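Could you fit the two chains together into a complex? Lean on the hints.
These protein sequence lines are chains A and B, in that order.
In terms of numbering that gives the first Met the number 0, the first sequence opens at residue 0 and continues consecutively.
In terms of numbering that gives the first Met the number 0, the second sequence opens at residue 0 and continues consecutively.
Any given hint might turn out to be false.
[Claimed, not checked] Under the rule of at most 20 Å between Cα atoms (straight-line distance), these lysine to aspartate or glutamate pairs were calculated in the EDC-like manner:
1) K138/B with E385/A
2) K382/B with E417/B
3) K331/B with E356/A
4) K331/B with E385/A
5) K384/A with E311/B
6) K420/B with E400/B
7) K384/A with D333/B
8) K460/B with E501/B
9) K138/B with E388/A
10) K138/B with E356/A
11) K460/B with E413/B
12) K13/A with D109/A
13) K195/B with E356/A
14) K331/B with E311/B
15) K195/B with E344/A
16) K252/A with D358/B
[What the hints assert, rightly or not] A few chain A residues that don't get close to chain B, going by computed Cβ distances all over 12 Å:
17) D109
18) L243
19) C276
20) R293
21) L302
22) K309
23) N407
24) A441
Just so you know, these hints were derived from the structure itself, not from any lab.
In this text, all values refer to a predicted model and were calculated from it rather than measured experimentally.
Backbone N, C-alpha and C fix where the C-beta goes; we use that ideal spot for every residue, glycine too.
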Amino acid sequence: MLGRTLREVSTALKQGHITPTELCQKCLSLIKKTKFLNAYITVSEEVALKQAEESEKRYKKGHSLGDLDGIPVAVKDNFSTSSIETTCASNMLKGYVPPYNATVVQKLLDKGAVLMGKTNLDEFAMGSGSTDGVFGPVKNPWSYSKQYREKRKQKAHGENEDSNWLITGGSSGGSAAAVAAFTCFAALGSDTGGSTRNPAAHCGVVGFKPSYGLVSRHGLIPLVNSMDVPGILTRCVDDAAIVLGMLAGHDPKDSTTIQDPVKPFTLPTSADVNKLCIGIPKEYLAPELSSEVRSFWSKAANLFESEGAKVIEVSLPHTSYSIVCYHVLCTSEVASNMARFDGLEYGHRCDINVSTEAMYAATRREGFNDVVRGRILSGNFFLLKENYENYFIKAQKVRRLIANDFVNVFNSGVDVLLTPTTLSEAVPYLEFIKEDNRTRSAQDDIFTQAVNMAGFLSCLQDCQQ
Amino acid sequence: MAALMLRWSCLGKRWVLACIDGGSRHGRGAAIGLTSRRKRGQSSVAQQPLIAVQKSRKGEHEWAAVVGLEIHAQISSNSKLFSGSQVHFAAPPNSLVSFFDASLPGTLPVLNRRCVEAAVMTGLALNCRINKKSLFDRKHYFYADLPAGYQITQQRLPIAVNGSLAYSVSVGKKPSQVSTRTVRIKQIQLEQDSGKSLHDEPRSQTLIDLNRAGVGLLEVVLEPDMSCGEEAASAVRELQLILQALGTSQANMAEGQLRVDANISVHHPGEPLGVRTEVKNLNSARFLAKAIDFEIKRQIHELENGRKILNETRSFDDKLGCTMPMRDKEGKQDYRFMPEPNLPPLLLYDTASLPPGADPQQVINIDWIRERLPELPGKTREKLIQQYGMLPEHSFTLLNEVGLLEFFQNVIKETRAEPKKVTSWVLNIFLGFLKQQNLAVNESPVTPSALAELLNLLDRKAISSSAARQVFEELWQSKGKTPSQIVSEKKLELMQDQEALERVCHTVMEGHPQVGVEGRRKAMHFSAC
Chain A
0 MLGRTLREVS TALKQGHITP TELCQKCLSL IKKTKFLNAY ITVSEEVALK QAEESEKRYK
60 KGHSLGDLDG IPVAVKDNFS TSSIETTCAS NMLKGYVPPY NATVVQKLLD KGAVLMGKTN
120 LDEFAMGSGS TDGVFGPVKN PWSYSKQYRE KRKQKAHGEN EDSNWLITGG SSGGSAAAVA
180 AFTCFAALGS DTGGSTRNPA AHCGVVGFKP SYGLVSRHGL IPLVNSMDVP GILTRCVDDA
240 AIVLGMLAGH DPKDSTTIQD PVKPFTLPTS ADVNKLCIGI PKEYLAPELS SEVRSFWSKA
300 ANLFESEGAK VIEVSLPHTS YSIVCYHVLC TSEVASNMAR FDGLEYGHRC DINVSTEAMY
360 AATRREGFND VVRGRILSGN FFLLKENYEN YFIKAQKVRR LIANDFVNVF NSGVDVLLTP
420 TTLSEAVPYL EFIKEDNRTR SAQDDIFTQA VNMAGFLSCL QDCQQ
Chain B
0 MAALMLRWSC LGKRWVLACI DGGSRHGRGA AIGLTSRRKR GQSSVAQQPL IAVQKSRKGE
60 HEWAAVVGLE IHAQISSNSK LFSGSQVHFA APPNSLVSFF DASLPGTLPV LNRRCVEAAV
120 MTGLALNCRI NKKSLFDRKH YFYADLPAGY QITQQRLPIA VNGSLAYSVS VGKKPSQVST
180 RTVRIKQIQL EQDSGKSLHD EPRSQTLIDL NRAGVGLLEV VLEPDMSCGE EAASAVRELQ
240 LILQALGTSQ ANMAEGQLRV DANISVHHPG EPLGVRTEVK NLNSARFLAK AIDFEIKRQI
300 HELENGRKIL NETRSFDDKL GCTMPMRDKE GKQDYRFMPE PNLPPLLLYD TASLPPGADP
360 QQVINIDWIR ERLPELPGKT REKLIQQYGM LPEHSFTLLN EVGLLEFFQN VIKETRAEPK
420 KVTSWVLNIF LGFLKQQNLA VNESPVTPSA LAELLNLLDR KAISSSAARQ VFEELWQSKG
480 KTPSQIVSEK KLELMQDQEA LERVCHTVME GHPQVGVEGR RKAMHFSAC
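This is chain B alone, in the form it adopts within the complex (with noise of 0.2 Å):
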């Protein structure tokens, strides 16, 4: 069977499609995929469309793609959005239900200050206006991990909108080459998570677990101002560094700490936009990138070949690296909201509108949180950039590896070294040596003092930079010697000794006659350095 290869490039927003012949698949098994993945009762010429895209398509079709998110965030708090319960990863099931999360009858949802600060936080770091009054509704639906069969959310008035996300991605080969991209936030609403559920097959049962049911989330919805899987990615990468410096969510999307829905269409441009599809529950950023890259392509071939999208839900199976339909979604859900009466309008405050007289227990002071707003990941950039005179690609990793910018950070302070020589060490030969080992940065088994030891004897050129490698390796293998005793044992020290060094050069160069004078200062030099 001829596999259909297709390559295309993201040249801004445009996707240029440009059909190859036959042939080997890299590593991109989507399209063999998607063929045997085609559903029952549509047409099953599998085979001619492919032929026929073939013959007739010489040039380059252009088509843009369009993708909007929604982000949901796990808010880091002590105790769930309207109950007491704690909120803790990985505790026995159902370990922390408070009355309300099991929708015990009579009982009724009572406000987390600690969440409002949260969402008020996000929207200030994300440019949004914060609605003074902002409300809560109901979304019913019946599903086993939702006990009062309605999630408490904010579809009317939202307690932040309109803000903007910018974020970086790449444009080019070089690593230096990076765009600037700023994507529109729509809004960031408060909303109750669901249980959990886990289907036991063999025994057909699901089980619930209820500990996640009632924690605290904020959705950002980010309007459909991204073209491809690699911006998308590069935004929600940047929105969880976000979370992260703010500390409103942990944002560890391993953890589930934060997923990313992801909406999906594709158009000719100057045409009206495309029918979208949803994919859900994207939870690594490599996957985010792979689904929407898929879905674009599945979408293009789809309409390429004259059939129609559906406006469906689809889930990404990583394994075989492509999107497909959801089963339960029969027709389109109505979610029948309403308001959520046992909740008044959340009302918020600002310096000017703060009532006299007002409980601060009570009340929220949006001015106050916004000038106590901790660090954006856009300003550390900068501010390194400006202290310690670095490229801008290079303060982006440092941000972008987990405790890198610590270890970072710690380093500079114990040596004497120049700023640009720790970033040229840590970026390149420590992260280097991370991720050939593919180890975490506070798994690594040389610490920020040893590596400032290192650098300050290469500072004083105590030591030659090829002997400073041989010493890091040597650090690597973590036989608890300091640096100093590394280059003392393996005899590594650059020769000071003058007369020491002449009567080296000498030998050597008695040893090869050859070598004229010129040679003879250059090496005399070369065993200085």
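Okay, chain A solo, but in the shape it has when bound (with noise of 0.2 Å):
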């Protein structure tokens, strides 16, 4: 039953097969067994059941709320949940427990959704890992697997049973894992530069980044204001889209959404690609490309191709810059954004009572990591009078001939562009613990942000299954 999309659960659940509470107990035993992925960082035992309980009553009544009603969904620890601890995986929000529930949780729960718990992350969503955060890493899944430990068995001898466990990508890692780990049927992550999509490469799930400005960021504890969106993490991509169509539309907290009206939309049963024409980027084409991940492009294009589509090659050709622009707009809001961290009306506090001075820089070394520090450093060091003209202002300027790429591409009759996620598949914790975070995000999110400094929407599925 755990293993079914979206979509097959509630129509068992609509027609009686199994019951909301039946289904949250099941998710709950799952996650208690799947405890060393540690994908969870909060598990909300309690008002699971509650809300179980509630959607039980409303499906013997025959008044389900939808498609969402009684799923367990899992939300990224980075979003607002009245009530339930949410801690960014970070020590200064470490006990934090908001008043209020971020947009697109309260639209989940609206539609009846039970929320099963707050998944971990890099600290603050930086990171491409899910390896820095203060609760320790997100295990990928797929590390158990068979495959995987078969595949260990030849490789090394005299390893301990789980030293060599996959990363799960990130910053959405814990999202990710809950997914693949059948512990929910959809949880939500958070996409930056790749945040959503990273993970649900490196997890076999399906990861959705919309449109910035369709759904809605507030209550989303900010990384990059200018290119957060709220990501979409499931088993299939009709669940995806299931969930994109109860978060999508315009919410007047959130002044940059869009105002136009959604239109609700369903997935067309049968793919029809022939009149697709579906574009490959030529720049993508890194040398760091593992031979793997460059088969399964071709593979995926030549499908594309034998069921009839289009597919040509095209060219973004500000894509070699695109990793130090969106560095240098990083860090710049990170440290606007961080700004507000200093212990005063919520979150860590340190001991330190001789001066606010004193009692700010302690509390803001004793909450955050090296990673989020050293970008706030970063991020103000670009933001100096002296800088902002050569680097931020610039950094904008490259920014928009960027965006500019994508738009010509899609102008000129190409639908959708193909392009990998990842450099490489998944690849062992002490193998990615070699380099520092800046430089795993650097190599990891090359693919992955330049559409978030665009503002387009991308989707991945893994190649595999």
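Written out as structure tokens, the structure reads:
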């Protein structure tokens, strides 16, 4: 049952094959069994059971709220959840219990979804491995798959049973792992430079990044306000479409959401790609690309072509500048967004009482990890009066060029771009930590962050399925 | 210690510094304060320069002072600039704080329409060009009363620019000697107010109240076209009246709804501008003028004695009557301005550019607002002069005193007396009594109806003007009697009966035979008035 798609389980609920409470309990029990994955920071057992109970009442009366009613979901721990601790995997917010729900969380709850818990991430969503949060790294469920265990047996000897587990990718690793491990049917992540798509790729699930402005960011603790979007992780594309349908739309509390009403949509049951024009950006053929990923990329392109789609090579000429541009803009916004964490109103507060400045400094040093502090310092550097023009403004200009690359391609008749998400398959943790967060982010975000800067939507599906 | 007494006059834009030998201070404690506040490390030869100055300067040295102002006016609105929490003066601490005001993570700003309208109205009233597109920025600094660590303001592209404000200053001893000046308005921008911090010294702690955090402010920047405290104070007063007439701000300085920072520098005419200092947070018109004048004096004094002016921020100590450097500012702050990513550009329209089918709730039409602007003080004064034939300076006084215009108009409504009479009574006698007892118009024991009735009695010659004054004094005692009652009680009526009058006159003349015929006639005339 737990391995089914959202739509299948929803049908089962509607037909009474299983009750929301039973479903909830199964998921809770699986969460306990897979605790070693460290996918969840907080498991909201009581809340979930209560929500399941209410859903059950609705089903009994025949008043179900729709496809999401009674469905277990998980939410990344950088979304504000009322009365449930929200930590962003940081010491700064340990113990912080928000008084309000993020809009997307509220929408899920209003549709009857059952909240299993808050999932683990890189601290403040900064990272591409889900390894840098204060609650420890998230382990990729595939580390425990038969395939991988066999592969490992062949390779090394005398290893610890669990020493060579794979990373989930990041920063929404917890959400991806939760979905991949069947503990929920959909999870919310966030995507700023690939943070939903990267872990989705590593964990073999569908990761959907909506267009900027389609889904409300109110309640999503921001990393980069001008690039963040809530992301959706599910086990199949159809499920993602269901969730998107519930979440999309203007939110008066978020002034960056588009005002045009969102038309409800359903995916066609059979995909007809005859009229589709697919673009392959030549600049994405990076030398670091693993041969395995490259071959899958070709296979996917060939598959589309054989089904009647037009597959052509296109160019996004400013691709090589995007990572640096992203870095400047990202750290600048981070420096600004993190300024509010001073220990006064909420969150961690140090013991120093000497002066306000001393209190601020100690609180922030204790509350943030190296990654966050590093980005704050960089960002403040770029925002200094003497540097603003040369770094921030320049990066904004380059960003415009990058966005235009996409616009031009889409205006020239291309409907969709087909690219890899990651350079290689999921790496073992021990391998991953050989480089620091900044280096890893720069390497791993290479395919994903350009789209964030341009604001377009992006979806990935694992090739091996 | 010889006190250096400085005297100067504000002749247009020139400061004439005449040094006079020692002697008594005339209420300007500044000079003494100055010497004792000299920073350590600077020359401590306090006495020498004074003597040097006196000796070498026989003539007058011309200095020009340049004063610019940054005025923050709290917008009169129900809720704050970017959040729905209410705006109230003197509410219990931290009772008007929304999640956004407290900078809870994940909260986002949503622009308050009323605040934008207030900005447009103010811009139009001050002859500004309204920018159809304006932008919001973040200004970063760490301070306990700024929860987000940044203030949302409009630094790159504010909502209104290039306006002007006309105001009046007196240029002589006579009240009629007024001159109109204009100060250019550089820009008007929307920004957030900060919270309040209260320092609790005994317990070495600071208490933060966020009620004010996020309240909408209009920052009005006045170009350095002014040259002394009086001009600055007059300009601020006129701005207050305009804001109050528009209803965009209550502009009450005592309640902190209007705060002024002054930028001041001095130079010799013809030479480049001097280094300027900023004097912050002046919250009364009186202190504003005093602080500016003190600072001008101080700068002249420093420069005359061969020292330099530091580009620093100072505060005004009203008890000592002098400006002092503010402790916190070590070097200059870099605010690391950055565009506010959560607010798209603010687009305003006029009738020509309004998109068809636009939701009126979501768009602001500048022309619509312009058509509905309330009457501005300048216009009100003009009308008073035309309608009632009063002198310009009277119209200024009527508007300058809170509630006086309304009082005046209420009297006019209920009396048949000539407007000039009413003007004279209100501005001289009524206002005189108020000032003597330091009362506001709304605290007056005499109501407009009472005064109107009194003036009616006077108008139909039922009483003499000296009797009227007596009645007024009685009214002021507020014993609840009407003017007519007082008149009959005190037998202040003028005699109307011709025969009775003649008898009185005969009696008087018999008592004073030396008074001649002419005198008799005059006397009769007198008692009949």
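Verification of the hints:
Simply put, K138/B and E385/A have alpha-carbon atoms about 15 Å apart, close enough for the 20 Å limit, and the pair holds. Restraint check: the Cα-Cα separation between K382/B and E417/B comes to about 16 Å, which is no more than 20 Å; the hinted pair holds. A C-alpha spacing of about 17 Å is found between K331/B and E356/A, which places the hinted pair at or below 20 Å, so the restraint holds. Only pairs whose Cα atoms come within 20 Å are accepted, and K331/B paired with E385/A is accepted, the gap being roughly 13 Å.
Pair hint K384/A plus E311/B holds up; C-alpha atoms about 19 Å apart against a cutoff of 20 Å. Straight-line distance between C-alpha atoms of K420/B and E400/B comes to about 19 Å, which keeps the hinted pair within the 20 Å bound. Taking the CA atoms of K384/A and D333/B, the gap is about 7 Å. The hint holds against a cut of 20 Å. With a C-alpha separation of about 18 Å, the suggested pair K460/B and E501/B falls inside the 20 Å cut-off, and the hint holds.
A hinted pair counts as satisfied when its Cα atoms are at most 20 Å apart, and K138/B with E388/A qualifies at roughly 16 Å. Simply put, K138/B and E356/A have alpha-carbon atoms about 18 Å apart, close enough for the 20 Å limit, and the pair holds. Distance restraint check for K460/B and E413/B: the Cα-Cα separation of roughly 17 Å lies within the 20 Å cut-off, and the hinted pair is therefore satisfied. For the given pair, K13/A sits about 17 Å from D109/A by alpha-carbon distance, which is consistent with the 20 Å threshold.
About 17 Å separates the Cα atoms of K195/B and E356/A, which keeps this hinted pair within 20 Å; it holds. The straight-line distance between the Cα atoms of K331/B and E311/B is roughly 9 Å, inside the 20 Å bound, and the hint therefore holds. Distance hint between K195/B and E344/A is fulfilled; the C-alpha atoms sit about 14 Å from each other, no more than 20 Å. Note on K252/A and D358/B: the hinted pairing holds, with a Cα-Cα distance of about 18 Å set against a maximum of 20 Å.
Residue-level check passed: D109/A sits 18 Å from the nearest beta carbon of chain B, beyond 12 Å. Against the 12 Å criterion, L243/A stays outside the reach of chain B, whose nearest CB is about 21 Å from its own CB. Taking the minimum C-beta to C-beta distance to chain B, about 32 Å, the non-interface status of C276/A holds against the 12 Å cut. Against the 12 Å criterion, R293/A stays outside the reach of chain B, whose nearest CB is about 36 Å from its own CB.
With 12 Å as the threshold on Cβ separation, the claim that L302/A sits away from chain B holds: the shortest Cβ distance comes to roughly 39 Å. Separation of K309/A from chain B is adequate, the least Cβ-Cβ distance of about 36 Å exceeding the 12 Å criterion. Taking the minimum C-beta to C-beta distance to chain B, about 24 Å, the non-interface status of N407/A holds against the 12 Å cut. A441/A, annotated as away from the interface, keeps every beta carbon of chain B farther than 12 Å; the closest lies near 22 Å.
Checked against the numbered hints above, the structure violates none of them.
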